[in-house]
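Asks: Take the given structure of chain L and dock chains S and A with the ligands to it, following the hints.
Each chain is listed here by its residues.
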Amino acid sequence: MSLRIMPKSLLKTWIKHLQSRHFKVVGPTERFGQYVFEEIHSADELVMDYPTSVLPPKKYLLPPRERLFTFNAKTMEMQPDIQAVPTVILGVHTCDMHAVAMLDKVNNTGYADQHYKARREATYLVSVECLTPCMEGSFCKSMGTLTVPENYDLHFTDLGSDYAVEVGSEKGAALLEGCSAFWEPSEADYARVDAVIGAKWQHFPYRLECDVTELPDLLALSQKSPLWDELGERCLACGMCTKVCPTCYCFDVTDEIDLNLEHGERIRQWDSCQIEKFAVVAGGHNFRSSRALRQRHRFMRKGKYQYEAFGLMGCVGCGRCAASCLVHITPVDTFNALHRLRQAAQNGSAAENTASNQEVQA
Amino acid sequence: MSAKTLPRIAFFEFTSCEGCQLTVVDTLQDHPELLNAVEIVQFREAMSERGDNYQIAFIEGSCTRPSDEAKLKEIRAKAQIVVALGACAHLGGVNAIRNRMALPEVREYVYGEKAAWFETYPARPIEAVIKVDASLPGCPIDRNEFAMAVTHLLQGRLPNLPDYPLCIECKLLENVCMYQRGKTCLGPITRAGCAAICPSYGDGCEGCRGLIPKPNWAAMKAVLREHGMTDAEIDSRLTMFLTYQTMQLEAKAAEG
Amino acid sequence: MTTLLNETLKESIYMPTPARITAVKTFTPTEKFFKIALPSGFSLAHRPGQFVEVSVFGVGEAPISICSAPSRSNGTFEMCVRAVGKLTDALHRLAAGSTIAIRGPFGRGFPIERFRGKDIIFVAGGLGLAPLRSLIDEVINDRGKFGRIHLLYGTRTPQDILFAEDLVAWANAPRTEVHITVDRPDEAWKGNVGVITKLFPKLRFHARNTVAIIVGPPVMYKFVLMELLGKGIADGNIWLSFERQMKCAVGKCGHCQLHHIYTCQDGPAFSYAQVKHLEEAFS
Ligand SMILES: Cc1cc2nc3c(=O)[nH]c(=O)nc-3n(C[C@H](O)[C@H](O)[C@H](O)COP(=O)(O)OP(=O)(O)OC[C@H]3O[C@@H](n4cnc5c(N)ncnc54)[C@H](O)[C@@H]3O)c2cc1C
Ligand code: SF4
Ligand code: SF4
Ligand code: SF4
Ligand code: SF4
Ligand code: SF4
Ligand code: FES
Chain L
14 MSLRIMPKSL LKTWIKHLQS RHFKVVGPTE RFGQYVFEEI HSADELVMDY PTSVLPPKKY
74 LLPPRERLFT FNAKTMEMQP DIQAVPTVIL GVHTCDMHAV AMLDKVNNTG YADQHYKARR
134 EATYLVSVEC LTPCMEGSFC KSMGTLTVPE NYDLHFTDLG SDYAVEVGSE KGAALLEGCS
194 AFWEPSEADY ARVDAVIGAK WQHFPYRLEC DVTELPDLLA LSQKSPLWDE LGERCLACGM
254 CTKVCPTCYC FDVTDEIDLN LEHGERIRQW DSCQIEKFAV VAGGHNFRSS RALRQRHRFM
314 RKGKYQYEAF GLMGCVGCGR CAASCLVHIT PVDTFNALHR LRQAAQNGSA AENTASNQEV
374 QA
Chain S
4 MSAKTLPRIA FFEFTSCEGC QLTVVDTLQD HPELLNAVEI VQFREAMSER GDNYQIAFIE
64 GSCTRPSDEA KLKEIRAKAQ IVVALGACAH LGGVNAIRNR MALPEVREYV YGEKAAWFET
124 YPARPIEAVI KVDASLPGCP IDRNEFAMAV THLLQGRLPN LPDYPLCIEC KLLENVCMYQ
184 RGKTCLGPIT RAGCAAICPS YGDGCEGCRG LIPKPNWAAM KAVLREHGMT DAEIDSRLTM
244 FLTYQTMQLE AKAAEG
Chain A
4 MTTLLNETLK ESIYMPTPAR ITAVKTFTPT EKFFKIALPS GFSLAHRPGQ FVEVSVFGVG
64 EAPISICSAP SRSNGTFEMC VRAVGKLTDA LHRLAAGSTI AIRGPFGRGF PIERFRGKDI
124 IFVAGGLGLA PLRSLIDEVI NDRGKFGRIH LLYGTRTPQD ILFAEDLVAW ANAPRTEVHI
184 TVDRPDEAWK GNVGVITKLF PKLRFHARNT VAIIVGPPVM YKFVLMELLG KGIADGNIWL
244 SFERQMKCAV GKCGHCQLHH IYTCQDGPAF SYAQVKHLEE AFS
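Keeping their order, the protein sequence lines are chains L, S and A.
Going by the numbering used here, the first residue of the first sequence is number 14, and it counts up by one from there.
Going by the numbering used here, the first residue of the second sequence is number 4, and it counts up by one from there.
Going by the numbering used here, the first residue of the third sequence is number 4, and it counts up by one from there.
Hints were generated in silico from the structure; no laboratory data involved.
Treat the hints with care, as some may be off.
Said to hold, decoys possible - DSBU-like cross-link-like pairs, simulated, lysine-lysine; straight-line CA separation at most 30 Å:
1. S:K217 <-> L:K237
2. A:K279 <-> L:K237
3. A:K28 <-> A:K121
4. A:K35 <-> L:K87
With the rest of the complex left out, here is chain L (with noise of 0.2 Å):
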C-alpha cells in the first residue's frame, strides 16, 4: 500500500484521463434532492461528499435486471451474456465496500457465479473515508464498518484541498498510470491523514445498545419475540428495504420470448424476501405467510443468518432501508428492542430467582 496526493483541481484530469483509457467511470451524481451513482461525463457532475445514495453501488456488480443468457427455443443454441466492461467506480463509502466484500463472498461460495465474477474483475472500487456521519439512520460505526475494509483498489481521504489517495491493489495503482495528478506526500501529508482520520471517529455515535458481536445470539434467543408481530403489523411489505439494501442479493428468474416463440432471454431480476411469494412452494404452502416471518427473516439474515452462512454481517449499517421504510422500521430499533426484551426478560427472571430463592430461605 502506499499514498499519493491528489489536488482536488486535478480530479478532473485525472477523470478525462480515466475517460481516455476507455474506463466507464460512474460515481454520485444528484437528482431531485437525493444522490444516484451514474455515469459521469465530466467531474462537474461527481458530489464526492454526497451523503448516502438512492441504491448503492451494487448495481454495477449485481445489477437489478440481468440477462442471464439468450436463447434460440427452436434450435436450441444459447448464448451466455457476460458482461466486463471496465468501471471505475468513485466515492464508494466505506459500509457499501464492507458488502461488496459479501457479495464477493456469496458470489464465490460453491460454484462461483461467472456473470458476476467478470463483473467484479472489471470493476475498479474507488473508495471514500467518510469524515461525518452521512444521515440520521445510518450505525456503521457499531457495525465495524466505519473503517474500510482491504478490498478498496484507491482508497480517497478529503483533506481540505487535497485529496488523499491510498494504493490498495494493482488495480488500482494501473488507475494512476500516465496520470501526473498524484504527487508523492511529504511527512506533513502522512501527519494531516493521521489527523483528520484521528479527528472523524468522535463524530460518529455508537447507535446500537449492544456490540455487533452479540447480534448473532441476540437474534438466536429472539426467534419467538412478540416484536415480530408488531413489525408485521406495521410493515407495508413493499420490499424497499431490500431493494435499497447493499447486502441484499436475492434474485428473481424469468424467461421472455418474441412473439415467434423462437428467440429468448433468460433473465434475473433483484427479489425481496418481504413480498407475499417470496417462499411459496407447489401446492401454496408458505413458509413464510406472514408479514411478520418475513420481517423476522429479513433481520435473521442481517444479523445472525449470513454471519453464520459466510462469517460476514449481513448488514453494513448503511442505514437506506431506514431511511426509504415508510413506516419507520429500521435496523438499530429492531435490534435494540430485542436487547431491551431481552434485558428485561433476564432481569426479570434474576428478580424472580431472588424472589424464590428467599422463598426457600425464609
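Replies: Chains S and A with the ligands alone, transformed into the frame defined by chain L:
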C-alpha cells in the same frame, strides 16, 4: 406459419374510454409480428368485420347496467379464454367512483327489472359477472405487457403478470421516492408492471393497476396521514381506481 | 464421457444443456413420468435425492427430482412431474421427441453408504415417492448390503398412486414390505385407509439399527417424525428432503434459504439432527 391455424381473438368494449383498445392498436404498430401470430376476428377500433368465431376474448370496460350482463355471458359462452383488458374491466375502473355516491342499489330495488331504463347501477369489474381467466391491469394497459400476455397465450398458458408492489419496480429504476419529494404515492399497495411510470415522471401512483394480494391497508392510510393528508383526502385518493376493491375489502372486514 | 455438471459449470452456472424427452407416461391426471436422454457423451452421475433444474425455453425453469437410480442411468434419467404452474404445465404439454434443457444435478443427496447393513424405513407422501424411488431402486439393486426394508406410502386416493409397477416389484423383492394407505378410498380399494402414521404399528424393526427416510408434503413431516422419534430412532438416522422455492439451485438467489442453510446446495436431503433446531424448518 401459414399452415398453422392462428388463435382467433376478438375485442369487446363495455363502459370505458376505449383507451386500452387504442393502446392495443399502438401495440400492433410496435409489434407488427402480432398480426402474424393471431387472427383478429373482431375489433371495432381497427376493422369493420365482426367475426363471432373467436377463442380468446379481450374485454374492455366495466359492467355498469343490467343489459351488460347478458352480453358478457354471451361472450363467455363463446370464448375459451376471457381476458379483462384494463382497469375498467379489471377493477370497475374510474366508472366505479360513483359507487360510493348515490344509492343506485336502492333504485334497483325500487325499479327491479326496469332499473336499466333508469340508467345504470354500480360499476363492477367483469369478474363480478363472468369468470375471467386473466386480467391485464392498468389505465390504460401497458403495451409491453399486452404483447407479453399474447406471447403467454400463444404458448398455451395464461398470462403471468407481476403482482408484487410497485415500489419494487420503482426502486429497481432508482427513482427518488415521491414521499421524499414531498408528494404521496400508492406504490406500496399497488401491483407493479407499468414500469412505475407515474413516479418515474414525478407523480405519485394512483393505483390504476389495482391492489397487491394482501395490502396493508391500515398502514398505508397511516402513512398518507403522516404525510399530511386528511381522512377525506385519503378516501378520495383511494377512490380514483380502487373504489370497487376497497368496498369489497370493507365488506369483508365488516363480515369479520 | 463428461458429466452434465461439468458442462453446467462451464460458461455460466445458469445456462443449461439441451436434452431430449424419449418417453412420456401419464400416471394420473396431474402427474406424468418422463424419460430423458442426455446428449451423447454425457453422464448424469447423480446421487439419489439430487435434483436437476429443468428448462422449457420461453417459459422458465424449475427444480425436479431425479427419480431413477444412478445404477440404471447410462446417459438417461427419469422424472415424475406434477402440473402445478408455468413450467410444470409446459412440461405436461410436451411429447416424446421434444427437447428441453437441464442443469445439474444439484444438491446433496442421501448418504446411501451410511445406510448399509441397516434396516430401512422409507416414508413417502404423494409425490415424495419420486425422489425416494431413486434411492429405493438403488438399495434394491444392491439388496444384499441392507437389512429389512419397509416402504410406507400414502396418497389421497387410489387413483393418485404413482409408480404402480415399481411398487409391485419392490413388494416382491426379498425381505421388503410395502404398505400403502389412502385418505379417501373408492369401492375397489381393499387396502389401508387413513393417515400414513396409522401404518406404523405394522412395522417390526430394531430401532438402534434402523434408518428412516421421509419425503412428502410439509404437513406430513411433523407427524411422521413424532412417530419415528417415539420408536427410538436416533435423530441422525432420520433423513428428510426439503422442498423450498428455488430460483437458481446454486446458492445464489436466496429463495431456498432456511436459517444459514441453502436448501439447494446444503440439501435438499438433511438428517433430522442437522435441522431439528432450525426455526421454520417444519413450519
Ligand atoms: C428439490 C426439489 C425437488 C422437486 N422435485 C419435484 C419432482 O420431482 N416433481 C415435481 O412435480 N415437482 C418437484 N418439485 C416442485 C417443483 O419444483 C415445483 O412444482 C415447480 O417449481 C413449480 O414451478 P412452476 O413453474 O410449474 O409453477 P409456478 O407457476 O412457479 O407456481 C405454481 C405453484 O407453485 C407455487 N409457487 C411456486 N413458486 C411460486 C412463485 N414464485 N409465485 C407464486 N407461486 C409460486 C404456487 O403455489 C403456485 O400455485 C421439487 C421442488 C424442489 C425444491
Ligand atoms: S421498507 Fe418498511 S414497510 Fe417496506 S417492506 Fe421494508 S420494513 Fe416493510
Ligand atoms: S439492512 Fe439496512 S442498514 Fe443494514 S446494510 Fe441493509 S440497508 Fe443498510
Ligand atoms: S453508514 Fe457510515 S460508512 Fe456508510 S456512508 Fe454512512 S457514514 Fe459512511
Ligand atoms: S415513489 Fe411510490 S412506488 Fe416509488 S418507492 Fe416511493 S412509494 Fe414506492
Ligand atoms: S404508477 Fe400507479 S397509477 Fe401510474 S400507471 Fe402505474 S399503477 Fe397506474
Ligand atoms: S435455489 Fe437459489 S439459493 Fe438455493
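Asks: Could you run down the list of hints and mark each one as holding or not?
Replies: Hint check results:
Restraint check for K217 (chain S) and K237 (chain L): the C-alpha separation of about 24 Å stays at or below 30 Å, so the hint holds. Restraint check for K279 (chain A) and K237 (chain L): satisfied, since their Cα atoms lie roughly 16 Å apart, inside the 30 Å limit. The suggested pairing of K28 (chain A) with K121 (chain A) is violated, with an alpha-carbon distance near 34 Å, which exceeds 30 Å. Of the supplied pair hints, the one linking K35 (chain A) and K87 (chain L) holds, its CA atoms being roughly 23 Å apart against a limit of 30 Å.
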